[in-house]
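Chains A and B supply the protein sequences, listed in that same order. Heads up: the first sequence begins at 1 in our numbering, then just goes up one per residue. Heads up: the second sequence begins at 1 in our numbering, then just goes up one per residue.
Some hints here could point you the wrong way.
Here are some chain B residues pointing at chain A (derived, C-beta under 10 Å) [what the hints assert, rightly or not]:
no. : residue
1   : GLN6
2   : CYS91
3   : ARG112
The hints are simulated quantities; they were obtained by calculation from the structure and are not laboratory data. Beta carbons: idealized from backbone N, C-alpha and C, even for Gly.
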Amino acid sequence: DAKTTQPPSMDCAEGRAANLPCNHSTISGNEYVYWYRQIHSQGPQYIIHGLKNNETNEMASLIITEDRKSSTLILPHATLRDTAVYYCIVRPITQGGSEKLVFGKGMKLTVNP
Amino acid sequence: DAGVTQSPTHLIKTRGQQVTLRCSPKSGHDTVSWYQQALGQGPQFIFQYYEEEERQRGNFPDRFSGHQFPNYSSELNVNALLLGDSALYLCASNTGTSGRGGYEQYFGPGTRLTVT
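Isolated chain A (complex conformation):
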């Protein structure tokens, strides 16, 4: 079962920041927080991941609370192309990259013009 909880859906205005919440209250010390998104009928796309420090890349920022029980994915300037289902996943890191991804139902973000 997925170890994360996300709201089922969220709306955001184009050009505004989209803040996507995720709860992972049972996260372990060796588990990372990963975010993927899936645009309709395409394969999931990796966005970002982090352990305990905030992370930023060209797509998004990831803010993880100090107790690591929740996190927020931030899309700084949402566009219509960001409309997708977003998945928050916790995943242990092992040598060799053997760990599978356990997806929940995700959260549907709709960016409105």
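Could you slot chain B onto chain A? The hints should help.
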């Protein structure tokens, strides 16, 4: 650099038939995972292949089997198809080495299987 590719894009089969889906991993990747995604659900892990062997498996019956070739490409085989096997089948690849300790999986576009 080609990403993960899958074939065919769409497939229609009849109950009881067998199907083979194919996947080529992203260049430089040696690990291939397969996922099943039913309509309205998140992807569910089927199994993972590394060094031509099944390394781990999800909660799927033995009707689901796979293979990995020396060039790291992979096949997913499903025997005795059921209506409930209708889904998007996703292939993902990754490498076992990463400087930041993360092993991001890169997904292909999927194969849409319809069982009638």
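Status of the GLN6(B) interface restraint (C-beta, 10 Å, chain A): holds (8 Å)
Cut-off 10 Å, beta-carbon criterion: hint that CYS91(B) touches chain A: holds (8 Å)
Return the status of the interface hint for ARG112(B): holds when the least beta-carbon distance to chain A is below 10 Å, violated otherwise. Holds - the Cβ of ARG112(B) comes within 10 Å of chain A, reaching about 8 Å at its closest.
Hint compliance for this structure: no hint is broken.
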